[in-house]
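*Asks:* Residue-level listing of the chains:
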Amino acid sequence: MDKIKRLVLKLIILIHISFCYIFLVQPNIALSQDEPLQIDIMGGKIQAMPIAISYFSIENNLKELQLHNNIPNLIANNLVNSGLFKLLNRDAYMQDPDQLNGRPKFRDWRIIDAQALITGKITKKTNDKINVTIELWDVYGEKRMFGISLSSKIKSWRRIAHIISDKIYERLTGEEGYFDTRIVYVSESGSQKNKIKRLAIMDQDGSNHQYLTDGSSLVLTPRFSPNQQQITFFSYHGINRGLKPSVYLYNLFTGKMEILGEFPGMSFAPRFSPNGSDLIMSLSQNGSTNIHILNLKSKNIKQLTKGIAIDTSPSFSPDGENIVFNSDRSGGQHLYIMKKNGKNPKRISFGRGSYATPVWSPRGDYIAFTKFTRGRFFIGLMHPDGSAERLIAEGYLTEGPTWAPGGRVLSFFRQTPQNDGTMRTRLFVIDITGNRERELITPEDASDPSWSPKNIN
Amino acid sequence: MLKYFKIFIIIIIFTYFIACSNKDQESLLLDAEGGNTKQNSTSTEEIEITDNTAQSIQMDEVELTVEEKLSSELIEVGDRIFFGYDESTINDESADTLQKQYQFLIRNPDLSITITGHCDERGTREYNIALGERRASASKNYLISLGISSNRIAVISYGKEKPTVEGHNDWAWTQNRTAVTFINGK
Numbered sequence: 001m002d003k004i005k006r007l008v009l010k011l012i013i014l015i016h017i018s019f020c021y022i023f024l025v026q027p028n029i030a031l032s033q034d035e036p037l038q039i040d041i042m043g044g045k046i047q048a049m050p051i052a053i054s055y056f057s058i059e060n061n062l063k064e065l066q067l068h069n070n071i072p073n074l075i076a077n078n079l080v081n082s083g084l085f086k087l088l089n090r091d092a093y094m095q096d097p098d099q100l101n102g103r104p105k106f107r108d109w110r111i112i113d114a115q116a117l118i119t120g121k122i123t124k125k126t127n128d129k130i131n132v133t134i135e136l137w138d139v140y141g142e143k144r145m146f147g148i149s150l151s152s153k154i155k156s157w158r159r160i161a162h163i164i165s166d167k168i169y170e171r172l173t174g175e176e177g178y179f180d181t182r183i184v185y186v187s188e189s190g191s192q193k194n195k196i197k198r199l200a201i202m203d204q205d206g207s208n209h210q211y212l213t214d215g216s217s218l219v220l221t222p223r224f225s226p227n228q229q230q231i232t233f234f235s236y237h238g239i240n241r242g243l244k245p246s247v248y249l250y251n252l253f254t255g256k257m258e259i260l261g262e263f264p265g266m267s268f269a270p271r272f273s274p275n276g277s278d279l280i281m282s283l284s285q286n287g288s289t290n291i292h293i294l295n296l297k298s299k300n301i302k303q304l305t306k307g308i309a310i311d312t313s314p315s316f317s318p319d320g321e322n323i324v325f326n327s328d329r330s331g332g333q334h335l336y337i338m339k340k341n342g343k344n345p346k347r348i349s350f351g352r353g354s355y356a357t358p359v360w361s362p363r364g365d366y367i368a369f370t371k372f373t374r375g376r377f378f379i380g381l382m383h384p385d386g387s388a389e390r391l392i393a394e395g396y397l398t399e400g401p402t403w404a405p406g407g408r409v410l411s412f413f414r415q416t417p418q419n420d421g422t423m424r425t426r427l428f429v430i431d432i433t434g435n436r437e438r439e440l441i442t443p444e445d446a447s448d449p450s451w452s453p454k455n456i457n
Numbered sequence: 458m459l460k461y462f463k464i465f466i467i468i469i470i471f472t473y474f475i476a477c478s479n480k481d482q483e484s485l486l487l488d489a490e491g492g493n494t495k496q497n498s499t500s501t502e503e504i505e506i507t508d509n510t511a512q513s514i515q516m517d518e519v520e521l522t523v524e525e526k527l528s529s530e531l532i533e534v535g536d537r538i539f540f541g542y543d544e545s546t547i548n549d550e551s552a553d554t555l556q557k558q559y560q561f562l563i564r565n566p567d568l569s570i571t572i573t574g575h576c577d578e579r580g581t582r583e584y585n586i587a588l589g590e591r592r593a594s595a596s597k598n599y600l601i602s603l604g605i606s607s608n609r610i611a612v613i614s615y616g617k618e619k620p621t622v623e624g625h626n627d628w629a630w631t632q633n634r635t636a637v638t639f640i641n642g643k
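If you're matching them up, the sequences are chains A and B in order. Okay, so the first sequence: first residue is 1 according to our numbering, each after it adds one. Okay, so the second sequence: first residue is 458 according to our numbering, each after it adds one.
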């Protein structure tokens, strides 16, 4: 009798465990894959525009792929993550996707207070290709704002959703979208003393994550080329063979990595010029660090700053005419702007504390930077003339801002000490108002993000 | 008188014990050797094994020398100097250490070295690479000023990437603002 009791008990426990697994663990995994970007509810309150995104109508023979749900879900995810939109609960929608071919009944959508409505239709084009048509409706204005039709291979459905998100975002905000983009960054593992760092790349929303290097050599500060074909970064690759720590180039299409060149001293802090023809970087020798520009075709190198100071972290203005950089020539670390030929250096930061890692916004109106003052690190913004300085994020260590296309949203990384003495290092996304901060989920610790330009179709 | 006698007795007992223990050790040693000699006459193979063990131990010791010995000597001399926050100046203590490194390099004229520069975590990555280079160069230039040839000294900065100690406090930061001298492998 006892044996049977025990057996039944075991069975109950087993069933319980598997239930827990199915209903608790599994959905969590699925969630983290579908919504890698999580909204930080501590980020402050905003007036988000209420929008309705209906599931799409779809041909019966495509239904099993779930694209009629997945594509609108991904669009909703992008728009909601921008912090500017609020998705209205689909349970309250009074029209079904199939009833939405043609003009919607605007009254039905006004009842739930939708400002905008997005409808869509998916049809099969060829065996492996689909066509996605979406329409954006102004519910109160009772008019069609725009419609677009995209076709591509079925497996590229995420990109279709990102491109559509960009179009909607652009139409509703008047700003350039940034959803059809990627982020390259440094994935970190191992102990503080022996960090393993690998280059990794992912879509802006964390999907399609991929490692580019194997972690055998230390890699830092990757940056995209304007045409997205290349990444430049700083690495200790080959120091056991007598190579100096240097700037490298990585070709995303071929997967090949090459050293930029052998220079006297260490080369680091690389960034492409806006047209991609040149690279600016620092060369360090004999205790002084100066900014140089290297033409990628001719490999000619020109020194732009001189002296015994540390001049580093250079970044071009979007028109390619000026360079902002970080220097300790006045004693403390401050930001300076000079002409692209190195002439007329002018200090632009005058506040208390140290200023570093300036990055010019792709729109040209702001320079983002890292600031260290009173024992804390901040991400800040100022206009190129140094005016209107404002701090938008802070932490034990926050560093390395990078701009999304459009110049309205940034990413950076933050180190947060944990109770067990370890450090958590993660990527974050924030907009220029500083209100809508959220973590970008990565498989491991992550630092040195670089946001790509818009993908090329 | 009784006192002296007591001390005398204690000394005698004490020496007796020492003698005994020595004797024990000696006899043990003798036994061992005796055993060996006995075995020597009966079984040559076993002796060879013990001889081999002894030799291989000696060989290991030989292999440990040169670089390892020099590296540990350098560590004893003082392989690193420390810096203040965001500083790269050589203070008196550092000068003293570098003086000793100089003498070490004079004693070992065939050696070349690499000096690595390090920073604490309270700075941005790129600035710290530059600052680490400045620290390592300060160390290098001091050695050059004492008379070491510049082509014996290479410099690498790790910025805040390879801290000496783990931790996120003043003590750790102090330990991690360094220029460390390494002997180059051959």
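The hints are simulated quantities; they were obtained by calculation from the structure and are not laboratory data. In this text, a Cβ means the ideal position worked out from N, Cα and C, and glycines have one as well. Don't take every hint at face value.
What the hints assert, rightly or not - In silico DSSO-like links for lysine-lysine, alpha-carbon gap of 27 angstroms or less:
1) Lys143(A) - Lys195(A)
2) Lys244(A) - Lys619(B)
3) Lys619(B) - Lys143(A)
Claimed, not checked - Label pairs and their computed distance ranges (CB to CB):
4) Gln47(A) - Asn548(B): 30 to 38 angstroms
5) Thr621(B) - Arg329(A): 38 to 46 angstroms
6) Asp365(A) - Leu527(B): 57 to 65 angstroms
7) Val622(B) - Asp214(A): 47 to 55 angstroms
8) Asp627(B) - Arg352(A): 33 to 41 angstroms
*Asks:* Each hint needs a verdict: does it hold in this structure or not?
*Replies:* Status of the hints after comparison with the structure:
With a C-alpha separation of about 56 angstroms, the suggested pair Lys143(A) and Lys195(A) falls outside the 27 angstroms cut-off, and the hint is violated. A threshold of 27 angstroms between alpha carbons decides the hint, and for Lys244(A) with Lys619(B) the separation of about 16 angstroms falls inside it, so the pair holds. Of the pairs offered as hints, the one joining Lys619(B) and Lys143(A) is violated, with about 61 angstroms between alpha carbons and a cut-off of 27 angstroms exceeded. Between Gln47(A) and Asn548(B) the Cβ separation comes to about 57 angstroms, which falls outside the hinted range of 30 to 38 angstroms.
For Thr621(B) paired with Arg329(A), a C-beta distance near 30 angstroms fails the hint of 38 to 46 angstroms. As the Cβ distance of Asp365(A) to Leu527(B) is approximately 58 angstroms, the hint placing it in 57 to 65 angstroms holds. Look at Val622(B) against Asp214(A): about 28 angstroms separates their beta carbons, and that is not inside 47 to 55 angstroms. Look at Asp627(B) against Arg352(A): about 21 angstroms separates their beta carbons, and that is not inside 33 to 41 angstroms.
Checked against the numbered hints above, the structure violates hints 1, 3, 4, 5, 7, 8; every other hint is satisfied.
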